[in-house]
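Read off the chains here:
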Amino acid sequence: MNKSAVRLVVFACNWDGLSCIEAAAQAGLVYPASVRVVRVSCLSRVHQGLMLKAFELGADGVMLLGCEPGNCQFDIDAGLIEQEYEKARRVLRLLGLGEERLVLCHIPRGDGSGFVGRVTGFIKKVERMQPAVPAGA
Amino acid sequence: MFDMEREISDSKIRLCLDCGKCTVVCPVAQHDPEFNPRLIAQRRLTQNSSNPQDETIWECLSCYMCVERCNYHVAFPEFIHSLRAEALAEGAQLQCSHGGTLQALMHLMAREDLRQDRLSWLPQDIELSEQCDTIFFVGCAPYFDIMFSDLEVNTLKGVKGALRLLNRAQVPFTILANERCCGRDLLLQGDREGFLALARANMEEFARHGVKKIITNCPEGYYTLKVDYPRMLGGTGIEVVHLTEVLAPLVQSGELDLGELKTRVTYHDPCTLGRCSRIFDEPRQIMAAVAGLEMVEMEQSREKALCCGASPWAHCGAVNRQIQEQRLAQAEATGADILVTACPKCLIHLRCAQKSGDGRIAQVEIQDLAYLAARSLDLGGESVG
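Quick mapping for you: the protein sequence lines, in order, are chains Z and D. Each residue of the first sequence is one higher than the last, beginning at 1 in my numbering. Each residue of the second sequence is one higher than the last, beginning at 138 in my numbering.
There could be a bad hint or two in this list.
Unchecked claim - Below, a list of computed lysine to any residue pairs in the SDA-like style, where the Cα atoms sit at most 20 Å apart:
#: 1; chain 1: D; residue 1: K492; chain 2: Z; residue 2: H47
#: 2; chain 1: D; residue 1: K492; chain 2: Z; residue 2: Q130
#: 3; chain 1: D; residue 1: K492; chain 2: Z; residue 2: G114
#: 4; chain 1: D; residue 1: K492; chain 2: Z; residue 2: L80
What the hints assert, rightly or not - Computed beta-carbon distance windows for the label pairs:
#: 5; chain 1: D; residue 1: D254; chain 2: Z; residue 2: L29; range: 35 to 41 Å
#: 6; chain 1: Z; residue 1: E100; chain 2: D; residue 2: Q389; range: 38 to 44 Å
#: 7; chain 1: D; residue 1: R252; chain 2: Z; residue 2: S41; range: 34 to 40 Å
#: 8; chain 1: D; residue 1: L256; chain 2: Z; residue 2: E100; range: 46 to 52 Å
Calculated directly from the structure, the hints in this document are not laboratory data. Note that CB positions come from ideal geometry on N, CA and C, so glycine has one too.
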């Protein structure tokens with residue numbers, strides 16, 4: 001499975017999140033090329049505006065990929081991302097786009113196959129939903 | 138389609154006498170000596186195109202204080218909106234506040250096939266009239282309460298209060314499940330395309346439901362639907378009234394009795410409701426009908442009311458904060474327990490100042506007028522049913 005019409009944006013933290021993606025690449029694991037990775041210094045940097053902006057620009061789904069609880073490199077694991085994630089989910093629900101289009105994943109450091117499993121599972125789920133952007137828009 | 142020369146002409150900016158009264162009354166100019174409405178006009182009119190270096194065009198609050206004072210009623214805010222549209226077209230970048238959340242929301246809401254699920258907040262005790270050609274335009278309150286949940290704002294309290302008051306007054310209305318944002322903030326920040334997309338989507342929705350009359354609680358929605366939609370789309374044929382215009386006559390004639398609240402309040406005139414729409418008396422008439430309510434005016438009120446320091450969710454900075462501090466200090470100086478406003482955006486902006494201030498900022502409670510009036514009838518709570 002390396003082709004999908006689903007446009008997915010992954011906000012990956014520079015540490016554990018990105019290490020999973022790099023591990024997947026080094027192991028030669030395959031996932032659809034329509035997945036776009038945006039590297040951020042920490043998931044706490046990603047607020048609801050950035051998540052909604054991704055949808056505004058045509059994403060069908062957004063994945064937030066960060067360190068497992070307690071593993072934050074900056075020791076500022078203050079629940080900011082959970083708060084912003086919850087706000088964006090509620091906005092997506094009101095908009096009728098569906099809150100399931102946004103997921104927050106904490107995967108162990110360097111778990112490439114875990115990342116590919118989560119991302120392909122997410123793509124299948126989004127594929128079953130109506131497109132977030134109508135054809136021709 | 139965008140004709141800057143015509144827009145300059147429509148704004149009557151060439152009637153400017155260079156008297157500088159606008160700058161004297163402008164709340165931004167009081168805090169930022171770089172901002173000067175008269176010189177912005179002069180700079181633009183003495184050259185043939187916009188000056189992308191003129192960053193000050195983004196600072197205007199659209200509070201209409203300058204229009205109030207200008208001998209020729211030059212439409213300076215509209216002139217600024219045109220300059221912004223021109224600057225955006227030439228590649229200027231907007232500095233969005235709140236991380237661009239509101240801009241993203243407005244653009245997402247403009248999608249043609251959007252099917253919103255936005256009525257989950259609607260309490261069961263509120264009666265909607267089926268097949269009614271009058272609608273209550275809710276506005277963005279359901280979204281605001283999520284996006285600004287960390288500010289502990291609850292703008293839906295005002296909407297629920299408004300709906301319960303309309304029910305009590307036996308005014309029939311219904312609510313559209315798929316109304317969009319009115320788009321005022323996009324218009325103010327110069328995004329004409331985004332504004333028109335929202336306006337057209339709303340007009341299609343109104344036409345599909347045969348809407349003939351719209352009641353709003355949000356002054357921004359009121360002014361946009363009443364004035365900007367006909368101006369930008371060329372007539373809508375829909376009557377638009379503000380909640381206070383519906384309730385004030387009923388309260389005065391005795392058809393709607395309000396209850397009692399023993400408290401001292403002061404009223405903040407939202408710029409869009411006051412100076413823009415000339416609705417000064419109706420909110421005060423409603424508050425005067427609440428028994429036990431003591432109403433005190435701030436140093437600046439009615440036509441001279443100070444803006445809440447709002448911006449169209451962009452270029453919000455230190456000057457905006459200073460204006461908000463000033464307004465909250467004026468409210469505190471009256472000794473009022475509650476600062477009443479009729480605009481969800483004033484509520485958000487003032488609350489934002491209170492929440493992010495360093496403790497020096499007056500922490501007076503801020504409430505929506507409709508919520509306050511509904512509370513006098515014990516209709517303000519969540520458990521009413």
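Status of the hints after comparison with the structure:
1. For the suggested pair K492 (chain D) and H47 (chain Z), the alpha carbons sit about 19 Å apart, so the restraint of at most 20 Å is met.
2. Proximity of K492 (chain D) to Q130 (chain Z) is assessed by CA-CA distance (about 40 Å); at most 20 Å being required, the pair is judged violated.
3. A distance of roughly 41 Å separates the Cα atoms of K492 (chain D) and G114 (chain Z); the hinted pair therefore is violated under the 20 Å criterion.
4. Simply put, K492 (chain D) and L80 (chain Z) have alpha-carbon atoms about 17 Å apart, close enough for the 20 Å limit, and the pair holds.
5. Here the CB-CB span from D254 (chain D) to L29 (chain Z) is close to 37 Å, well matched to the stated 35 to 41 Å.
6. In this structure the supplied range 38 to 44 Å is violated for E100 (chain Z) paired with Q389 (chain D), their Cβ-Cβ distance being about 51 Å.
7. Between R252 (chain D) and S41 (chain Z) the CB atoms are about 37 Å apart, so this pair conforms to the stated range of 34 to 40 Å.
8. Under the hint 46 to 52 Å, the C-beta atoms of L256 (chain D) and E100 (chain Z), about 20 Å apart, miss the expected range.
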